[in-house]
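K.L.:
Given chain A, work out where chain B should sit, using these hints.
There are 2 protein chains.
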Amino acid sequence: MAKFVYSFGEGQADGDSTMRELLGGKGMNLADMTSIGLPVPPGFTMTTEVCKAFYANDRDYPDEVREQVANALQLLEKRMGKGFGDAANPLLVSVRSGAPASMPGMMDTVLNLGLNDQTIQGVIKQSNDPRFAYDSYRRFIQMYSNVVMGMDGEILEHLLDQKKQQRGVALDTQLSADDLKQLVADFKASCKQTLNQDFPEDPQEQLWGAISAVFGSWMNPRAVTYRKLNGIPAHWGTAVNVQAMVFGNMGDDCATGVAFTRDPSTGENYFYGEYLVNAQGEDVVAGIRTPQPINRAKYQEGDLPAMEEVMPASYQELAKIRDLLERHYKDMQDIEFTIEKGKLYMLQTRTGKRTAHAAIRIAVEMVNEGLISEQEAVLRVSPDQLDQLLHPSLDPQAEKQVIAKGLPASPGAASGQVIFTADEAEELARLKKDVILVRVETSPEDIHGMHAARGILTARGGMTSHAAVVARGMGKCCVSGCGAIKIDYEKQQFTTEAGQVIKRGEYITLDGSAGEVLLGNVPKVEPQVCGDFATLMAWADSFRRLKVRTNADTPYDSKVARDFGAEGIGLCRTEHMFFEGDRIQTVREMILANDLAGRKRALDKILPMQKSDFLGIFREMKGLPVTIRLLDPPLHEFLPQNDDDVSELAQAVGIRFSEVKSHVEKLHEFNPMLGHRGCRLAITYPEVYDMQVQAIMEAACELVRDEQFDIVPEIMIPLVAHVNELRILRENAVKMADAVCERYGVKVKYLIGTMIELPRACLTADAIAEEAEFFSFGTNDLTQTTYGLSRDDAGNFLPDYVERGVLKKDPFVALDQRGVGELVKLGFERGRSTRPDLKVGICGEHGGEPSSVIFCHKIGLDYVSCSPYRVPVARLAAAHAAILDQ
Amino acid sequence: MAKFVYSFGEGQADGDSTMRELLGGKGMNLADMTSIGLPVPPGFTMTTEVCKAFYANDRDYPDEVREQVANALQLLEKRMGKGFGDAANPLLVSVRSGAPASMPGMMDTVLNLGLNDQTIQGVIKQSNDPRFAYDSYRRFIQMYSNVVMGMDGEILEHLLDQKKQQRGVALDTQLSADDLKQLVADFKASCKQTLNQDFPEDPQEQLWGAISAVFGSWMNPRAVTYRKLNGIPAHWGTAVNVQAMVFGNMGDDCATGVAFTRDPSTGENYFYGEYLVNAQGEDVVAGIRTPQPINRAKYQEGDLPAMEEVMPASYQELAKIRDLLERHYKDMQDIEFTIEKGKLYMLQTRTGKRTAHAAIRIAVEMVNEGLISEQEAVLRVSPDQLDQLLHPSLDPQAEKQVIAKGLPASPGAASGQVIFTADEAEELARLKKDVILVRVETSPEDIHGMHAARGILTARGGMTSHAAVVARGMGKCCVSGCGAIKIDYEKQQFTTEAGQVIKRGEYITLDGSAGEVLLGNVPKVEPQVCGDFATLMAWADSFRRLKVRTNADTPYDSKVARDFGAEGIGLCRTEHMFFEGDRIQTVREMILANDLAGRKRALDKILPMQKSDFLGIFREMKGLPVTIRLLDPPLHEFLPQNDDDVSELAQAVGIRFSEVKSHVEKLHEFNPMLGHRGCRLAITYPEVYDMQVQAIMEAACELVRDEQFDIVPEIMIPLVAHVNELRILRENAVKMADAVCERYGVKVKYLIGTMIELPRACLTADAIAEEAEFFSFGTNDLTQTTYGLSRDDAGNFLPDYVERGVLKKDPFVALDQRGVGELVKLGFERGRSTRPDLKVGICGEHGGEPSSVIFCHKIGLDYVSCSPYRVPVARLAAAHAAILDQ
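Read top to bottom, the protein sequences are chains A and B.
Residue numbers are given in my numbering: position 286 of the first sequence equals residue 286, and the series is strictly consecutive.
Residue numbers are given in my numbering: position 548 of the second sequence equals residue 548, and the series is strictly consecutive.
Mixed in with the good hints, there may be bad ones.
Distance ranges between label pairs, derived from CB positions [as the list claims (entries may be wrong)]: (1) B:233 with A:652: 37 to 45 Å; (2) B:666 with A:505: 20 to 28 Å; (3) A:780 with B:645: 30 to 38 Å; (4) B:651 with A:600: 52 to 60 Å; (5) A:505 with B:645: 33 to 41 Å; (6) B:196 with A:598: 42 to 50 Å; (7) B:651 with A:654: 55 to 63 Å; (8) A:495 with B:612: 38 to 46 Å; (9) A:60 with B:668: 57 to 65 Å.
In case anyone wonders, no lab produced these hints; they're calculated from the structure.
Quick reminder that beta carbons are idealized off the backbone N, C-alpha and C, glycines included.
Isolated chain A, as found in the complex (with noise of 0.2 Å):
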């Protein structure tokens, strides 16, 4: 006969710490913690075995099933000394739900399940408390009429209310023992009255009907949701845990509390925890009494007496167990306790959420004390979680003026001129400003200025508002709710509490992590990789494979990333460097000149600027690999649009209106994203990538010659769908780079590459690589592309999609594996087919994110390449995927 029962209790467990599948994750904890000698209220666990029959059935039950059930309460009662519907010595008992992966709060409990007429008795004798039987009893048929029998809960909440207004009372504990009673028999009247059936008195029948409720709940729409979202398959169906009743409100030599094996926020080794006396688990949660410390271990002038001086026995009972507990989970936990008349008992324990910095602290510290491996404790911290710590933030030196304050949405800090429109913030990024994007709300029109803007601020909105949630994924600072500031569109200002008024174009500052307005542009520091941190890190690298670039297209970029640790830059965007400063008015004249001698004259202007860029950088990254892309996007980028720019510009340049205007709409594009940029530019007009080039292998040039450097240039060619305009660029590129030697006298080895980011050029990569000495994947393209997709129109439905589930993740942000994915894994395996050696990596956003970084890893790529912020992630997160790869 299959075992579908699970008994636990007296040291003893059906169930052991493999069967997370069967037991779920409760039951395979309780039976776990009984095991190693822990006090926990005895119990069983019907397994997901059960759950699948019972639908399997028409939900209901095998026989075995009621029969190992019978067997597992004989036992029950045994180990409790407690009968089940006994009058004299009632025993109760809670009905929980209990999956193999969390669900908090999507499925149904029961508590105090045994009560009815005659047990109630047993409780009042034995507790001597009648007031506390009857609260208990109140509370039941509440939750069971609700849970079980389908009651609207607002029917019986109501009838409490006029109970307390009958009273004069605000609060459910100012009602007496005889309230109550007489709440437990208005309750009862209701249900009969609403439901037409009389609320069961039978245990039997109140069990069974609470196991079928909860094994019931796993199909209701919340779960059926959850799970959708969460990728946990229906299949895999919940445990069912039914377990005896301890109480922490019985009096004064009763308590609960909950408590952490270290600090979650600092990760100090030390005990961490609350409690109260007479009190109910949710008690301490709810916040209604301020919980008491556990110890002294951090005692403060004030703070009320510790456990370990009210209740030292059942603190120090305690104490060893947290010894016990991180010795046999090797991971800090979350526990949480229970105190039934001096006995101490053991409800829970899980391993404990902590913030980034404890997760460091804690890993290494375990691995000093010898508890884990360098290697689990690499794996201990999540990638994701260091985005908290890789912000920049303010300056603790500077001097501040705080104007208003908000929610902290988004961490890290940011200044930047005040624009109210995301039009204005996207042009006047591209003109190189610094901006803060000031707005009510914002919606997901605003996207592409969010995307521009330093950071955010809006009046209105919670965490979880779409400036919260869209600033928090870019990664982008924000301040939201700040109802403190009144916004005037109409006059370009917003409005302090203060009354002070801070126009469009007024610098502020933004503390994303404190919720913070500043005044002017405040300095700000680095992030820094030091101490515990810096320890791990050296750990991952030692396990990783897969090496980490970074994208940075400015000196300061560069020695950011080298200072995170980036081996390399993956992408240096060049046409950045087209709007630094004054050069936008140059590359203006070229793009307007309507002849080649025109456009030779203005790229000649350019020539020494962007050599200047290059020497910069390449000094900074001291001969490590620098990948630069020659210009990417189309030459309308660079041209105003509106008619007073264009006029201002005509006027600049000494050109009609009418023919820069005529150009400007030459140059319009329907689809840009599709159009006439990348290479396709530079088939059209070579002498553009040929001035690129001079001045990349310049720059080498001179610092070979000049300064000894062993500096191998990557020439990277955008947008390249089929192998021949690879081929005529990569021509043009060569005769000018070895000319440029010739010209210096020295030999200076470079590679010349491509950008693989259109589904076709994965198609044919073993055509390509015949022109390409390494491929750098750019996975926000290819992932507009493959998906038909525009990051910048995608606003106003991809959110949408997210949350309705139909797609799990923004492709932009975790790389489509199935789709997208597969298109590198071809090009990556043809490129290489041609030419063994072909260095390959990418340089798309996705090179930060962890689960496409391991992706990277798994399919054999040589690095990825991310923002300078990012490069720790990548490498723990390359780290990760070796070390689960071993």
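P.N.:
Quick look at chain B alone, frame taken from chain A:
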């Protein structure tokens, strides 16, 4: 010893008709003609292997080659009874290239080789015509010095001109023998002076010089480019033919001519050709003298005497050869002949080029004559050629008023309102207006307007102008270079030579086949598939496996397509119906509605209109399958863009201007191709597809219930990237369809499928096929996304790409088999792996392009779908594919 040289002459040839690769096309044909007993001037062919040896050997020859040439030359001397370099009885030869694939005019030729100051005397004596002899000699020097010695041809041409001036004559033929003799001396002196090198007197030196020059010309830039454009591999090499010269210009018993074994224009089975007495080959082609007919088959008053009258014996011999050639080659031949002193020589035979009409007639008649099989007949007509036959033409009965004449740049006839800008043409076309785009000339920026227009008229530009080339590519009627009209863009009008003014909005008609511009909307007749054409198509249909459907949105298009043999509709685009008549107003109301109720009110008004559309189409298709694509374009396409139109709309729907304007702006997208469209719209606004499905099913149910139709509507959901999108929309559609069936009380089977038009859909086709009963590959959008190339914007550079050979073909015309094709194949295979009975077709414009149709056959698709006028093209291409596949 390898055989490098193949002789032919006197009925004997070393080579045969299987040796194209070795002997080249010309050499193979000369050998073949000799073998079947035709009077071919003897000679020998140096094989393509010699060419390879030549290049492998640093442009020199192995000794065996020299030996074999010497032997072949001896044999030739013997056959001709003349001596090479013999002063009394000299043998003159031609040296010509002849590659395996035809490369007309790309390589070099030398004629009259063997002449020098000694042998000229023999020629004079034999021809008894010193003028002829010296004229041949000076021509030889001009040709040889240029081709072999590398002298600038202009120099000797200049001397010739001087001589004519000196003599006061205009034509070469007016120069005397003495003049020409003097010129020979002058030419040699000029060679010596310019090149510092004597003109070679030694015939052997001349021969080897010419041979090397001809082999060398295989690598001249012209030939290299031609090969690249035509996909001919360089390693094939060319052969060289050395052949005895014969002369048609040695007196009145000499002649030269060209002929076709059947009429190449009509295909009629009679001997068609022209000849000239006492003339060389060039003279017939050059048109200086009027050629005479070879016979009286089509004799017209005023024709010159025919060859069958003037040279009856030679004509009889030639007529016999005609029969022999047709029986031998089983195809219409294009031949060249020369008569030297009464003796007929065959210089060339090759398969004759012909019009589409002729191709069909010849193929059908040759089957009837028992010359070829039906399969061969089908293969004889190129699907591309059919295009000539499949355009509407002006009704011969209609009254016509021609107002201007230009070039017949692209065939067919079209009428519409005169419009002068591409943008306006596009806008009006969207509103279902017929438009003729009139421009001075067109440029890539006009492509979208050309797409939208029914026909294009330009004042400037020839048969290969932008307008002409693009229009032919699009299959649009075009009259180009119509200098007879003066266009005034400011006044929005054009003026004819007769002074007639045609204003914007007036109707004109273009006859692209005649190059005529006509006033008003002249009635047109559809092309017909009848007579031989119908016979051939019936044979084609009997061989093909692939079904051919059509892309049609109206009952009229459906009828045209059915008349052309369409076996169903593969793509019925419902959005076109949204523009019909006044509906656009209601559609706009729907878009501008702020809530579901408002949208539904508008959709309720559209429902009966859509239903009547489907009724019409279903009726016209009489039970053939009809695939209906639900709404695809982004909503902003339905809204006006400029302020005037927005204001008009605001008044019409009674909403404030600012509100309409903000709606328009909100819907603006950066890359609409990759935006909120297709199934994405329906995820956001399910009510739109609900209405469409309701209309489709109501129409189907009505016909099934009331008219006993047998219909299985195929409902197609566009732009699916992820199976979840299809899952949701499929559920909605099934719910609606089943509800309609129930309401009508009939059981109508329907299919729900999807358009596969994104790379991700191809890659995940196995998952998508779980929810789809059919796939239709939308290769237009799939090409755009796979290439990352917007069709609307590609006009800026794609023509240049094709011209420069970066891409061999425009991927929007011929399916890119390597890239896009791989995705189609993969999508097909993965889809079928999930659902073995999945119905699969393509409905992009490639469905009517022959090479793409053949690809679809090869990978196993069920059908292709194309525009009505391409249906016969696709049917024939599908037959080719099936026959070649056997």
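K.L.:
It remains to establish, for every hint, whether it holds in the given structure.
P.N.:
Now the hints, each set against the structure:
Between residue 233 of chain B and residue 652 of chain A the beta carbons are some 54 Å apart, a value that contradicts the proposed interval 37 to 45 Å. A C-beta distance of roughly 26 Å is found between residue 666 of chain B and residue 505 of chain A, which places it inside the suggested range of 20 to 28 Å. Residue 780 of chain A and residue 645 of chain B have their C-beta atoms about 36 Å apart, which keeps the hinted 30 to 38 Å range intact. Roughly 53 Å separates the CB atoms of residue 651 of chain B and residue 600 of chain A, a value that falls within the hinted 52 to 60 Å.
Restraint check, residue 505 of chain A to residue 645 of chain B: a C-beta distance of roughly 36 Å satisfies the suggested window 33 to 41 Å. A hinted range of 42 to 50 Å for the beta carbons of residue 196 of chain B and residue 598 of chain A is consistent with their spacing of about 44 Å. In this structure, residue 651 of chain B and residue 654 of chain A break the distance hint of 55 to 63 Å, their C-beta atoms being roughly 44 Å apart. Range check, residue 495 of chain A to residue 612 of chain B: Cβ separation about 59 Å, and the 38 to 46 Å hint is violated.
For residue 60 of chain A and residue 668 of chain B, the hinted distance range of 57 to 65 Å is satisfied, since their beta carbons lie about 58 Å from each other.
In summary, the numbered hints that this structure violates are 1, 7, 8.
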